[in-house]
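Undergrad: The residues making up each chain are set out below.
Number of protein chains: 2
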Amino acid sequence: MNYKDCDMKNRVQRIIRGNQLAGARLIRLLEEGDPQGIEMLKLLYPNTGKGYIVGITGPPGSGKSTLVNSIIGEFRQSGMKVAVVAIDPSSPISGGALLGDRIRMRCHSVDDGVFIRSMATRGHLGGLSRTARETVLVLDAMGYEVIIIETVGVGQDEVEIAQFAHTSAVVSLPGMGDEIQVMKAGLLEIGDILIVNKADQPGADDIVAELQLMLTMKPTSDSGWQTPVLKTVAVKNQGIPELVDMFQRHRRFLIDTGIFSEHSFKWEFLFFKKRVMELAADKIFDAISDSSAYQVIIEDLKNRKIDPYTAAEQLSVRFKF
Amino acid sequence: MNYKDCDMKNRVQRIIRGNQLAGARLIRLLEEGDPQGIEMLKLLYPNTGKGYIVGITGPPGSGKSTLVNSIIGEFRQSGMKVAVVAIDPSSPISGGALLGDRIRMRCHSVDDGVFIRSMATRGHLGGLSRTARETVLVLDAMGYEVIIIETVGVGQDEVEIAQFAHTSAVVSLPGMGDEIQVMKAGLLEIGDILIVNKADQPGADDIVAELQLMLTMKPTSDSGWQTPVLKTVAVKNQGIPELVDMFQRHRRFLIDTGIFSEHSFKWEFLFFKKRVMELAADKIFDAISDSSAYQVIIEDLKNRKIDPYTAAEQLSVRFKF
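Each protein sequence line maps, in turn, to chains A and B.
If you use my numbering, the first sequence corresponds to residues 1 to 321, in order.
If you use my numbering, the second sequence corresponds to residues 1 to 321, in order.
For reference, chain A alone in the conformation it holds in the complex (with noise of 0.2 Å):
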């Protein structure tokens, strides 16, 4: 392929410059698990550590995708690049469902300050919190401001992926009634902002209501940030404004005081110790697979007479670092 003989600094320069066609080359290589994606990132790391990162979470039929792109066409308004990370569980058994939400996003496709990128669930050497981590660097490196991460919230992966995210925003809409209090563990969890869009429809006052009050029995956080709950039309880009204003707000607390960085310190460690244990993991089976005793656990394994948890603890203790 002519892609790959061409010089990977080149490449690397012309996703610095913001080219949207090199850079979705690089996030194919990257969800490929193609080890060339990484020496590229490699090369990238300097650039990044830049952008904004803001998840969006909410349930399908929460006007979601719609509040995205509203958001995007404030955010540029104000002249900054945005960039969008959509996961989404369109997997071969669910079905496409948001492709259309996706469409919808089109209006922004010729501007060339803004990217989106659509992720499947599944399908990821290496893990989908992995891939959308390094889709979200290589995002950084080409320069956008502002990089959201639109999830649905389910799993566990989704969950982590919530969490690179700077500030992590939770839409809920009216009329939920009982799933809130499902949602309630969740939300405050992992929400910085809460949003009821479809906020004119009625009972919308009734969940920011309960929103709100469910606030109130959330322990003080540590950072001594107060989770606000804003209401929105997305559709009629009702509170939209207001809403990236509080963005900008989050953004500001955060590097004022000091957990922005503290933040990004925290996924590089966890990604560096996870890199750590996958290249030890080859290096330790290479070195023990010819011992003789691994031979006979793996021998009693096979015949049930060892259960895996008892054979992985015999096995270990054997270790010497």
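Since no wrong hints were added, every one of them can be taken at face value.
Pairs involving identical chains hold if they fit within one copy or between any two copies, as the list cannot separate such chains.
Simulated crosslink set (DSSO-like; lysine-lysine; CA at most 27 Å straight-line):
1. Lys50 x Lys305
2. Lys305 x Lys42
3. Lys50 x Lys81
4. Lys274 x Lys305
5. Lys266 x Lys302
6. Lys305 x Lys81
7. Lys236 x Lys81
8. Lys273 x Lys305
9. Lys283 x Lys273
10. Lys302 x Lys273
11. Lys302 x Lys9
12. Lys305 x Lys266
13. Lys42 x Lys9
14. Lys273 x Lys42
15. Lys50 x Lys302
16. Lys81 x Lys266
17. Lys42 x Lys266
18. Lys50 x Lys9
If you are wondering where the hints come from, they were derived from the structure by calculation, not from laboratory data.
Guided by the hints, dock chain B onto chain A, whose structure is given.
TA: Here is chain B on its own, set in the frame of chain A:
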């Protein structure tokens, strides 16, 4: 807590005799990542490896739970003990959409030969797929001859869980139209049996034809199994005896070809490998965290002078096993 004080071996004996309360308690310990749970699982292990694990995967609205309900009834008629693990995406965010479905299963809840366990898709120390696997081992030890894992098939953890199953059935329904195209890859990848539920609705024959066409494009499986397409109307119990008969045929096929026992070892080995890595991880970081090389790398990471990939590589060249 009184329960924790009581003798572990006694509790294990009660689980092996099929006591549902004792089983449920152990599953909860495992979900919480309690080390005592692992100790009990070790004691139970010799009693595992007999259960037939069936995966039922389908999108919300496919009548999957009613179908599982009917399948339970059919297996019960031949006197087999049946357990269900329902992987329930009622995360705090998505809401408890499946709670209603769970209630429908209650007609079996007074039957001692049936055990139903819902499992949230998040909040599992050590990962959802690990907890699901451990739960299946407990149910197996309790003497359940058929263990059904019900999932909606969204996300990577879920696909991994579907692969625990000896037999994977994928549910679709009439009128899915274009979604079938999206489902295609996944259907071919994991389905040993394809089910068209709600087959009394218009378009049922169309979808059967479409699925059969897809199957003709599937490369012949190494095992030699021909994936069938079956029609069911779960609410009227139509097609259920034929479906359960097909499960039995696939089980027989797996045993006759030796795949059944290979499959079990494959999972034990993966489990063992993960566990070895977990145990090694702590030792590695204990061993290196005092070294000056490690301290320098962490400082560089903090100051963004090094990327996490290069940092991990620099550290791992120092590992000697």
